[in-house]
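J.: Since each chain comes alone in its own frame, lean on the hints to assemble the complex.
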Amino acid sequence: MLRIDRPIYDQIVAHARRDHPDEACGVVAGPEGSDRPERFIEMVNAERSPTFYRFDSLEQLKVWRGMDDRGEEPVVIYHSHTATEAYPSRTDVSYASEPNAHYVLVSTRDPETVEFRSYRIVDGAVTEEPVEITDAA
Amino acid sequence: MAIEVRIPTILRNLTDGAKTVEGEGATIAELITHLDKNHPGIGARLVENDQLRRFVNVYLNDEDVRFLGGIDAPVSDGDTVTVLPAVAGGAR
Chain B
1 MLRIDRPIYD QIVAHARRDH PDEACGVVAG PEGSDRPERF IEMVNAERSP TFYRFDSLEQ
61 LKVWRGMDDR GEEPVVIYHS HTATEAYPSR TDVSYASEPN AHYVLVSTRD PETVEFRSYR
121 IVDGAVTEEP VEITDAA
Chain R
1001 MAIEVRIPTI LRNLTDGAKT VEGEGATIAE LITHLDKNHP GIGARLVEND QLRRFVNVYL
1061 NDEDVRFLGG IDAPVSDGDT VTVLPAVAGG AR
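In order, the protein sequences belong to chains B and R.
FYI, our numbering numbers position 129 of the first sequence as 129, with every residue one higher than the one before it.
One gets our numbering by counting positions in the second sequence from 1 and adding 1000 to each.
Careful: at least some of the hints might be erroneous.
Stated by the list, open to error - Each pair of labels, with its calculated beta carbon distance range:
id: 1; chain 1: B; residue 1: Pro31; chain 2: R; residue 2: Arg1054; range: 30 to 36 angstroms
id: 2; chain 1: B; residue 1: Ala14; chain 2: R; residue 2: Arg1054; range: 29 to 35 angstroms
id: 3; chain 1: R; residue 1: Gly1041; chain 2: B; residue 2: Asp69; range: 27 to 33 angstroms
id: 4; chain 1: R; residue 1: Pro1074; chain 2: B; residue 2: Pro7; range: 42 to 48 angstroms
id: 5; chain 1: B; residue 1: Asn100; chain 2: R; residue 2: Asn1049; range: 27 to 33 angstroms
id: 6; chain 1: B; residue 1: Val131; chain 2: R; residue 2: Pro1074; range: 44 to 50 angstroms
id: 7; chain 1: R; residue 1: Lys1037; chain 2: B; residue 2: Arg6; range: 47 to 53 angstroms
Stated by the list, open to error - Rough simulated footprint, nothing fancy, chain B against chain R, three-plus residues with beta-carbon under 8 angstroms:
id: 8; segment: 1006-1014
id: 9; segment: 1053-1062
id: 10; segment: 1077-1089
Claimed, not checked - If you want the footprint, here are the derived chain B segments under chain R, 3+ residues with CB under 8 angstroms:
id: 11; segment: 14-24
id: 12; segment: 78-85
id: 13; segment: 97-109
Think of the hints as simulated: they come from the structure by calculation, not from any bench.
The model shown is predicted, which means the values in this text are computed figures rather than measured ones.
No residue lacks a Cβ here, since even glycine has one placed at the ideal position from N, Cα and C.
Pulled out of the complex, with its shape left as it was, chain R reads as follows (with noise of 0.2 angstroms):
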């Protein structure tokens, strides 16, 4: 068993045009850490200074992991985890 992670059309480039991968970790760093080992520079995507990066929404089975403590939530085999982009912008 692993961790299912689903992958944005936009980082598909990193991943083969994979839209789901398989990936192995305790917490959702650890499952990002093993990611990039598979498909390098998929971390620095997703991750800044040791924090998930403001406009990439992380979610872990139905929730946000930014309720379920960030980078350091826990996941288990058989979660599954989607990553999409923030869909954000405006006049500002």
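Here chain B stands alone, though its shape is the one from the complex (with noise of 0.2 angstroms):
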């Protein structure tokens, strides 16, 4: 199950709708072991894409270090899909390289309805778990 704070979902979202029809991603960092995403980090989708999208690498290794400086880790990795559901594809999945990560698709195919579902990704194996949003106190 992946917990996650209002405001940070919110961010996600509006950053997958601004992006739109490109795709957008970008993750949320905490701290290595705690499961909890605590801090949004939205990367440039290098790609600029609205099928695909990639880190830009240099963006990457700033982002990768500072969470190390940190003791932080990659607790949610968000992208968008923009015209079809929130399930990871194939490409998701073979490139799928963070194992503690939840991995988070928004799409947003419908301008009205959000479509925020999680995951796991672990040696090509996709398994769906529930999403708690909750509000910061």
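T.: As structure tokens, this is what we get:
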């Protein structure tokens, strides 16, 4: 199960809407081993494409180092699908490389409806998990 | 002195859990060959057909080695090499 605070959830959805029709992507970092997504980091989609995303390699190095320095890890890795459902594609599964991360998919195909779903992707196996949005105290 | 290599989570099963290991070599290619001797299997995760895999990022200090000559980029003692799997995907 993914537990995520509403302000971070809102930021992910807003980013996906803003970059539509291109795919948006980013990370939510949290203390290593905590499973708590706390620090929202919007990433550039180096592909600027409606059907593909890839983190810019130098930005990724900077962000991953920043997490290392703070004792954090990527708790959530999110991206959007802009014309299809919020379910990992074959491409998503083949490149998934953070076994501890929650892979969040947001679909922006319908401007009125938010589709926000979360998955574990380990060794090519996709497992959907419930999402609980928490209102910060 | 040696070259420090930072290993991503997904490859730490090949390094007994170590986040950093040491290696030797005059180029990225030689460094990877050396790493594979100490940590068998790691070479195949980084290299395919004698080139760096497209969805693995290898950095020399602060630069992506793709901009420094790729697998033939020269390295020297005291350098830090960082390996990060590219974060990529999409509906296509």
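J.: If a hint holds in the structure, say so; if it does not, say that too.
T.: A quick look at each hint next to the structure:
{"no.": "1", "hint": "B/Pro31 x R/Arg1054: 30 to 36 angstroms", "in the structure": "holds (32 angstroms)"}
{"no.": "2", "hint": "B/Ala14 x R/Arg1054: 29 to 35 angstroms", "in the structure": "holds (31 angstroms)"}
{"no.": "3", "hint": "R/Gly1041 x B/Asp69: 27 to 33 angstroms", "in the structure": "holds (29 angstroms)"}
{"no.": "4", "hint": "R/Pro1074 x B/Pro7: 42 to 48 angstroms", "in the structure": "holds (47 angstroms)"}
{"no.": "5", "hint": "B/Asn100 x R/Asn1049: 27 to 33 angstroms", "in the structure": "holds (30 angstroms)"}
{"no.": "6", "hint": "B/Val131 x R/Pro1074: 44 to 50 angstroms", "in the structure": "holds (47 angstroms)"}
{"no.": "7", "hint": "R/Lys1037 x B/Arg6: 47 to 53 angstroms", "in the structure": "holds (51 angstroms)"}
{"no.": "8", "hint": "1006-1014", "in the structure": "holds (count 3)"}
{"no.": "9", "hint": "1053-1062", "in the structure": "holds (count 4)"}
{"no.": "10", "hint": "1077-1089", "in the structure": "holds (count 7)"}
{"no.": "11", "hint": "14-24", "in the structure": "violated (count 1)"}
{"no.": "12", "hint": "78-85", "in the structure": "holds (count 5)"}
{"no.": "13", "hint": "97-109", "in the structure": "holds (count 4)"}
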